[in-house]
Structure formats: C-alpha cells, structure tokens
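Colleague: Going down the list, the protein sequences come from chains A and B. Residue 85 in UniProt numbering sits at position 85 of the first sequence; the count goes up by one each step and never skips. Residue 302 in UniProt numbering sits at position 302 of the second sequence; the count goes up by one each step and never skips.
Heads up, a few of these hints could be off.
To give an idea of the interface, some chain A residues facing chain B are shown, with a C-beta separation under 7 Å as derived from the structure [said to hold, decoys possible]:
1) Asp278
2) Cys283
3) Phe298
4) Ile370
5) Thr374
Pairs of lysine-lysine residues, derived as DSBU-like cross-links and limited to a Cα-Cα distance of at most 35 Å, are as follows [unchecked claim]:
6) A/Lys182 - A/Lys194
7) B/Lys334 - A/Lys297
8) A/Lys309 - A/Lys111
9) A/Lys394 - A/Lys309
10) B/Lys361 - A/Lys297
11) A/Lys111 - A/Lys394
It should be emphasised that the hints constitute simulated quantities derived from the structure, not laboratory data. Just so you know, even glycine gets a beta-carbon here, dropped at the ideal spot from N, CA and C.
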Amino acid sequence: MDLSYGPEYEAFRDELRAFIAENRHRAPAAPGAAQRAGADAVAWQQLLLEHGYTARTIPREYGGFGAEPDILTSRIIAEEFAAAGVPGGLSNQGISMLVPTLLELGTEEQKRRWIAPTLRGEIVWCQGYSEPGAGSDLAALRTSAREENGEFVINGQKIWTSTAHQADMIFCLVRTEADAPKHAGISYLIFSMKTPGIEVRPLRTMTGHAEFNETFFTDVRVPVDQIVGQRGQGWMVANATLGYERGMLGDPAALENRLAALVQLMHDERIDGVRAIDNAALCDRLVALQAEVAAMKFNGLRLLSNSLKGEPGGLAKLIVKLQSCELAHQISALAIDAMGELGLLYGGSRRERAGGSWQWNYMFQLGLIIGGGTAQIQKNIIAERGLGMPREPKLEHARAPKAGAA
Amino acid sequence: MDFGLSPEQRMLRDAVDRLLREHCPLDHVREVAEGGHAVSAAVVAALSELGLSGIMVPEEHGGLGLGLLDALVVAEALGAAVAPVPFVARCVLAPLALRLAGTPAQQARWLPRIADGSARFGVGLTEVVNRRDGGGVTAADGTLSGSALFVLDSADADAFVIADQGGQLHLVAGEADGLERLPLSTIDLTRSVGELRLDGVAAEPLGEDDGGTANRLVAAGRVLLAADSVGAGDVMIARAVDYAGEREQFGRVIGSFQAVKHMCAEMAARLEPCRSLVWYAAHAFDAVPDEALLMACHAKSHTGEVGRFVARTATEVHGGMGFTDLLGLHYWFKRIGFDRQLLGGPEIVRAEAAALQGWGKRAA
Ligand SMILES: Cc1cc2nc3c(=O)[nH]c(=O)nc-3n(C[C@H](O)[C@H](O)[C@H](O)COP(=O)(O)OP(=O)(O)OC[C@H]3O[C@@H](n4cnc5c(N)ncnc54)[C@H](O)[C@@H]3O)c2cc1C
Chain A
1 MDLSYGPEYE
11 AFRDELRAFI
21 AENRHRAPAA
31 PGAAQRAGAD
41 AVAWQQLLLE
51 HGYTARTIPR
61 EYGGFGAEPD
71 ILTSRIIAEE
81 FAAAGVPGGL
91 SNQGISMLVP
101 TLLELGTEEQ
111 KRRWIAPTLR
121 GEIVWCQGYS
131 EPGAGSDLAA
141 LRTSAREENG
151 EFVINGQKIW
161 TSTAHQADMI
171 FCLVRTEADA
181 PKHAGISYLI
191 FSMKTPGIEV
201 RPLRTMTGHA
211 EFNETFFTDV
221 RVPVDQIVGQ
231 RGQGWMVANA
241 TLGYERGMLG
251 DPAALENRLA
261 ALVQLMHDER
271 IDGVRAIDNA
281 ALCDRLVALQ
291 AEVAAMKFNG
301 LRLLSNSLKG
311 EPGGLAKLIV
321 KLQSCELAHQ
331 ISALAIDAMG
341 ELGLLYGGSR
351 RERAGGSWQW
361 NYMFQLGLII
371 GGGTAQIQKN
381 IIAERGLGMP
391 REPKLEHARA
401 PKAGAA
Chain B
1 MDFGLSPEQR
11 MLRDAVDRLL
21 REHCPLDHVR
31 EVAEGGHAVS
41 AAVVAALSEL
51 GLSGIMVPEE
61 HGGLGLGLLD
71 ALVVAEALGA
81 AVAPVPFVAR
91 CVLAPLALRL
101 AGTPAQQARW
111 LPRIADGSAR
121 FGVGLTEVVN
131 RRDGGGVTAA
141 DGTLSGSALF
151 VLDSADADAF
161 VIADQGGQLH
171 LVAGEADGLE
181 RLPLSTIDLT
191 RSVGELRLDG
201 VAAEPLGEDD
211 GGTANRLVAA
221 GRVLLAADSV
231 GAGDVMIARA
241 VDYAGEREQF
251 GRVIGSFQAV
261 KHMCAEMAAR
271 LEPCRSLVWY
281 AAHAFDAVPD
291 EALLMACHAK
301 SHTGEVGRFV
311 ARTATEVHGG
321 MGFTDLLGLH
331 YWFKRIGFDR
341 QLLGGPEIVR
351 AEAAALQGWG
361 KRAA
C-alpha cells in the first residue's frame with residue numbers, strides 16, 4: 001500500500017491548484033445531469049482541454065492534450081477539481097462512452113473526424129440502443145438498415161433515448177444482417193440527428209421533465225463508412241460502449257460529492273431545533289452510507305492500481321454500476337427523510353430546498369438503476385462473468401428477431 | 001501509488017493459506033471445537049514456525065516488526081479457514097499495547113516472550129466500548145477490581161492486558177491473587193473469550209494516558225475482526241457458488257436459477273468493496289493517524305452488516321444442507337456473528353463514528 005504520488009506528481013498538483021485558483025471564476029455552476037451543456041460549460045471545457053486538465057491522454061491529432069498515458073495525473077485532476085468544488089471536464093454519453101469506444105475500435109478517419117469536436121462540447125451525442133421490444137434483451141433489436149448505393153437505409157424505432165431532443169449525433173444499433181443469428185446481425189452506426197427521416201418525440205418522465213425520447217427512423221440514409229467495427233460485429237462494439245457506460249454511472253467521485261452535500265444538508269436542517277445530523281436514527285443511517293461510500297472509493301483506488309499494473313478489474317469492476325447507483329439513490333432517500341415534509345417540496349415551491357434537486361435526484365437515480373442495464377441484469381453479469389455461474393438455459397423457440405419497422 | 005497488497009503481503013497470504021490447508025482442514029477445526037478448547041496447539045505451533053506470534057513485535061525484540069496491514073492479511077486467512085487460534089489479541093493487540101504504551105523495561109520483558117510464544121496474552125477491552133451486565137474494572141493503588149467481560153484469547157493465557165473504566169491499560173499476571181478466570185462459551189467455538197473477576201488484583205499500569213492507547217487498540221482490533229469476516233465471507237460465497245453448480249433440482253443445477261444467481265451476485269457485490277475498505281482502514285492505522293479511528297469504525301460496522309447478509313444468504317443457497325452440522329458451514333456463520341458483536345456491534349460503532357465527527361450530539 002503506497003498512496004503517495006511522488007515529487008513530480010506533487011509539482012503537477014501544485015500547478016493544477018494554481019490554475020484552479022486563478023480560473024475558478026470562469027467555471028460554470030454544476031451542469032444538470034440530463035441537459036445540454038451551456039455556453040459557459042463549453043467554454044470551461046475548452047479551457048481545460050487547452051491545459052490538458054481533461055482528455056489529457058487523448059492524442060493531439062484527435063483533439064486531446066496528447067500526454068503520455070498516466071492514470072495518476074488523471075486521478076490528481078479528479079481529486080483537485082473535487083476538492084475545490086469546481087466542475088472538471090464534461091462527462092456525457094459522447095465524451096465518456098463514445099470517445100473511448102472510437103479510440104478502441106474506430107477507424108483512423110473516424111477518430112480524426114468525430115473525437116475533437118465531441119471533446120470540445122460542439123457535438124452532443126445520444127445513444128440509440130433500446131427499442132420498445134428490446135430493453136434488457138438488447139440484442140432483440142429490430143431497427144433495420146439495408147445497404148443501398150453506398151448508404152445504409154434505416155427504418156425503425158428507438159426508445160428511452162436520453163437527450164435525443166438536444167443531440168447533434170447518435171450512435172445507434174441496427175440490424176444489418178436479417179438472416180444472421182440474433183447477436184451476429186447487428187451493426188453500430190454513427191450519424192447526424194439532422195439527417196432527414198428522423199423524428200424525435202420527447203417523453204415526460206416521473207420527474208416531470210423530459211429527459212428522454214422516442215426516436216423514429218424512416219428511410220434515414222447514412223454513408224456506409226459511418227459504421228464502427230465491421231458489419232455484423234456491432235454487438236461487440238456495443239458492449240465496449242456499455243462497459244464505459246457502467247464506469248461512468250459507477251463513478252465513486254460522484255458519490256463522494258452527493259454525500260458531502262447530504263452532510264451539509266443535515267447540518268443545516270433542524271428538527272425541533274436540533275440539527276438533523278444530531279438525530280440518532282438519521283445520523284446512524286448517514287454514517288452507514290458514509291462507510292459504504294468509503295468502501296466504493298477504495299474499491300475505485302484498487303481498480304486504478306490494477307489498471308496501472310495491467311491487471312484485470314475482476315469482480316471489483318463488475319459490481320461498480322450496481323453498487324454505486326443503489327448507493328446514490330440511498331443518499332437522496334436519506335436527504336428527503338432528513339427534511340421530512342420539506343423533502344416533498346418540488347416544482348419551485350416556497351420553502352423548497354436546493355431547487356427540489358434531492359427529489360429530482362431520488363427519482364433520476366432510480367432511472368439510472370434501471371438504465372445502462374438494470375440491477376437484475378448487473379447481477380446476471382456478476383454471477384456469470386464474475387462468479388462463473390451457469391447461464392439461464394435458452395428457450396428452444398427463441399429465434400432471431402425479424403428486422404423491420406417496430 | 002499502489003492501492004493494494006504488496007508482493008510480500010501476497011506471499012504472506014499464500015504461505016498462511018498453504019499452512020492452514022495442511023494443518024487446519026475443517027475436520028481439524030471440528031475436532032478442536034467439539035473438544036471444547038477453541039485453541040489448536042498444532043496450528044498455533046505451525047503459525048509460530050512462520051514467526052507469526054511475533055508479527056507485531058519489533059525486530060530488536062525478536063519479532064517480524066510488521067504493521068497492521070500485514071496482520072490483516074493473516075487475519076483474513078484465519079477467518080477463511082475458521083482457524084481455532086488466538087491471534088487478534090495475543091499476536092496483535094498485546095504487542096501493540098506494549099509498543100504504544102509500554103516502558104522500555106516492560107517492552108524488554110514481554111515483547112521477546114510474545115515473539116517466541118512463551119508469553120500468551122489475553123486482552124480485555126470490551127468495557128472501553130460498552131459496559132453491560134455489571135462489567136467494568138476500576139483501578140486503585142496498583143490494584144484492579146471488578147469484572148472484565150469478553151476478554152479475547154483468554155483460555156490458555158498466562159497474562160492479560162486489561163483496560164480499566166478510564167481507559168487506562170494494565171498488565172495482570174494470569175496467576176495473580178484475587179483473580180478468578182471464568183470461561184464464557186459463545187456460538188463461535190473457534191475463539192476463546194472469558195470473564196475475569198478481579199478483587200484487588202495487583203496490576204502494573206501500561207503507560208499513562210487518557211485512554212488514547214485503549215482507543216487505538218480497539219481500532220486495531222476492529223479492523224482485524226472485520227478482516228476476519230471478509231475472509232470468512234469469501235469462503236461462504238465460494239462454497240455457495242460451488243454448491244449451486246453441483247446440486248440439481250427440476251432437472252438443472254440450481255446455480256442456473258436466477259434467484260440463486262442473484263443471491264450469489266449480491267453477496268459478491270456487497271462483500272467485494274469491504275475488502276478495499278478493510279485494507280485502507282489497516283493502512284490508515286499504520287500510516288494516516290488522523291483517519292485511523294474513523295476508518296476502523298467504518299470497516300467494522302459496514303463489514304458487520306455485510307457479513308451478516310453473506311452468512312445467512314450463503315446458508316440459504318445450500319437449502320437444508322446449509323442448516324446441518326454436516327457441511328460445517330455454520331462455523332463460518334458463527335465466526336462472522338462473533339466478529340460483528342465483539343468490540344462493538346454496528347450501531348454502537350456508528351454512534352462512535354458520528355461522535356468522532358461531532359455529529360449525533362443532542363445539542364441545539
Ligand atoms: C433514465 C434512463 C435513461 C435511459 N437512457 C437511454 C439511452 O440514452 N439510450 C438507450 O438506448 N436506452 C436508454 N435507457 C433504456 C435502458 O437501457 C432500459 O430501460 C433498460 O435496459 C431496461 O430495459 P426495459 O426498459 O425494456 O426493461 P425490461 O427489459 O422490460 O425490464 C423490466 C424488468 O424485467 C427485468 N428483467 C428483464 N430481463 C431480465 C432478465 N434476463 N433477468 C432478470 N430480470 C430481467 C428487469 O431487470 C426489469 O426489472 C434509459 C433508461 C432510463 C430509465
């Protein structure tokens with residue numbers, strides 16, 4: 001166990017601290033989770049890119065800073081922005097999920113074309129995976145793409161597409177090989193949301209906002225070179241993206257931030273004149289959550305060390321999405337309980353706390369327990385890939401889904 | 001930067017695992033437990049051979065001079081093997097007490113004997129954490145009176161470290177006049193705890209402080225009990241997964257039923273982060289003093305909760321078999337139950353963690 005970083009890293013840390021102190025007035029307020037970043041957030045992102053405080057190890061030709069891969073500097077960056085309470089680089093479906101997928105599996109031309117503007121916050125992406133008939137059973141998707149004159153022609157429907165109403169581009173799973181077995185018939189396409197034939201209908205969610213959408217495709221034409229991976233190999237590419245999604249949704253730094261906000265809230269709120277944090281039952285729950293957040297933080301440090309040594313993450317990695325999303329939900333739940341009746345206030349009410357964001361988070365975190373692979377699917381993954389338990393026997397009549405408009 | 005065990009610590013774990021596989025199979029555990037001893041002389045001897053009785057004794061006193069994280073590696077292995085050996089109090093807390101608070105003369109007298117196994121200590125700290133059922137010891141004029149409950153590793157001890165009600169530590173000889181030693185038998189037949197009744201027993205103060213050392217000892221003990229549960233929990237999960245891969249019902253192995261898979265996945269998902277938490281808590285004890293007490297609380301309380309969940313769930317996966325004595329699964333179940341209560345159950349420990357942060361005071 002050696003948690004020191006060494007002198008060259010401490011110099012880097014000092015530099016970064018000076019940068020944050022000097023520039024923090026330009027940082028945006030923490031961006032809302034499901035919203036397109038505003039102009040101030042985009043400007044902040046570009047400043048961070050320029051200094052290598054985000055996308056640090058992505059090569060320059062793709063718009064990154066081009067530093068040698070070094071997980072420790074990335075860690076220091078995360079630590080310092082968190083400690084200063086200043087937002088770091090943007091994290092969204094494009095930057096945190098598509099960019100690493102392209103770096104891993106994209107063509108040279110795709111990397112040069114799409115990564116830089118994505119990092120600069122100029123292209124917002126959405127994820128076109130789920131369909132009405134293909135949720136947990138994602139590979140049952142039916143949205144079709146046939147090849148015609150150097151283009152894919154796409155027909156079908158996606159659903160639960162987060163930010164599709166604000167997005168510029170989509171990474172989208174389609175069935176290109178109508179006769180292939182279920183998992184072997186899928187391709188991974190990227191295309192503009194302004195392509196003719198796309199219709200987006202926002203769906204109001206339980207939060208009262210429309211965080212996601214239905215997305216319809218009618219003869220949408222996409223150049224054939226906008227495929228990531230080979231035709232029929234989209235399932236593999238899709239899974240790479242899903243792995244990055246689990247990492248994004250399981251980020252322990254986000255838990256630490258939410259916990260710190262909860263502690264502050266419990267200092268501020270009073271019940272019969274006594275701070276909520278001094279209420280024995282509420283305090284007991286708080287400390288239990290604090291221990292769990294600490295465990296996830298150290299689990300994250302352990303994963304970091306594993307990757308430094310080139311060792312696989314194993315179980316410690318597979319459990320992160322399940323545990324973190326549940327914990328985030330519990331943190332919001334305790335905040336609401338600590339506020340009691342006041343915890344119900346929402347929609348800009350008088351006496352509302354933090355803009356109703358605890359209730360919003362409580363609901364949205366439940367969405368994230370479902371999204372990105374439900375808790376039950378995560379448990380299947382942990383049991384099968386982590387513990388080596390047998391798969392469910394396949395039903396004999398289960399066939400490859402027919403491609404076609406849903 | 002490296003978060004995790006060093007190559008040396010991994011080697012230590014391998015060595016202890018190998019030794020326990022050879023000297024401490026379940027049959028042996030059963031034999032010792034059913035014989036009512038809670039201490040396997042054979043396993044103690046084998047561990048001493050590796051130098052582990054002196055794991056926390058500084059090298060100049062003939063020990064290995066290692067830290068709490070190293071001791072944790074051993075504790076995890078002992079939990080995994082449900083080994084009936086006195087370790088936490090005898091090999092770690094007693095030498096630690098002497099290291100932290102002993103005079104040079106006390107250290108020179110006891111540490112070499114701890115290292116070579118000729119001084120066998122028990123440690124009584126329960127009343128520092130919570131007093132129940134009339135427990136508690138008071139000091140006056142170099143003597144101790146009262147009773148100390150749940151003194152760890154007490155059965156065959158020939159000396160004790162006992163905390164009085166002010167948290168001051170004392171050395172007491174096992175054969176001292178006025179000392180009555182009574183056994184307590186718990187569900188966990190692999191660990192020995194006892195009650196000491198003291199009536200004006202001659203005692204030698206160990207250091208002089210306001211209970212700071214006792215609190216540090218409690219923290220170290222908590223981390224090791226938590227690690228013991230992580231080791232025991234690992235084995236319970238592995239056994240559940242193995243059993244689920246063999247047992248057939250409805251024409252298929254039960255491990256292919258999702259209800260069973262999800263029980264196993266949940267156990268793993270909850271236990272895995274505990275491993276990193278106990279590692280860090282031990283590291284904090286060794287190297288980050290500001291965080292040591294709080295992290296020990298977190299490790300103890302959280303692992304106590306997760307341990308209970310793993311213990312009952314792994315038993316359930318085994319069906320009726322899990323409930324029998326035949327499989328011996330209950331040895332792990334009980335070991336984890338013991339780890340949860342000693343030195344404070346989760347609620348008590350969380351209240352302490354809150355107090356450390358200035359929370360939970362009923363002041364407006
Ligand atoms: C907030 C939010 C944002 C989202 N954003 C996007 C997005 O941007 N892009 C996108 O493509 N999708 C998105 N999704 C969709 C998400 O990926 C799916 O909702 C999710 O995969 C579950 O699919 P489903 O809704 O069809 O539920 P179903 O698959 O019908 O599941 C219903 C219930 O059945 C259980 N279940 C299903 N199969 C199994 C099984 N094999 N074993 C055990 N239990 C099972 C599930 O766990 C769940 O409890 C989002 C969802 C949410 C809630």
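Colleague: All hints are to be evaluated individually against the structure, with a verdict given for each.
Modeller: For each hint, the structure was consulted:
The closest approach between the C-beta of aspartate 278 of chain A and any C-beta of chain B is roughly 5 Å, which is under the 7 Å cut-off, so the hint is satisfied. Here the hint on cysteine 283 of chain A is kept, as its CB sits about 4 Å from the closest CB of chain B, short of 7 Å. Hint on phenylalanine 298 of chain A holds. Least Cβ distance to chain B is approximately 4 Å, under the 7 Å limit. With its C-beta approaching chain B no nearer than about 16 Å, isoleucine 370 of chain A sits outside the 7 Å limit, and its interface hint is violated.
Here the hint on threonine 374 of chain A is broken, as its CB sits about 12 Å from the closest CB of chain B, past 7 Å. Distance hint between lysine 182 of chain A and lysine 194 of chain A is fulfilled; the C-alpha atoms sit about 29 Å from each other, no more than 35 Å. Restraint check: the Cα-Cα separation between lysine 334 of chain B and lysine 297 of chain A comes to about 29 Å, which is no more than 35 Å; the hinted pair holds. For the suggested pair lysine 309 of chain A and lysine 111 of chain A, the alpha carbons sit about 27 Å apart, so the restraint of at most 35 Å is met.
The suggested pairing of lysine 394 of chain A with lysine 309 of chain A is violated, with an alpha-carbon distance near 38 Å, which exceeds 35 Å. About 28 Å separates the Cα atoms of lysine 361 of chain B and lysine 297 of chain A, which keeps this hinted pair within 35 Å; it holds. Taking the CA atoms of lysine 111 of chain A and lysine 394 of chain A, the gap is about 38 Å. The hint is violated against a cut of 35 Å.
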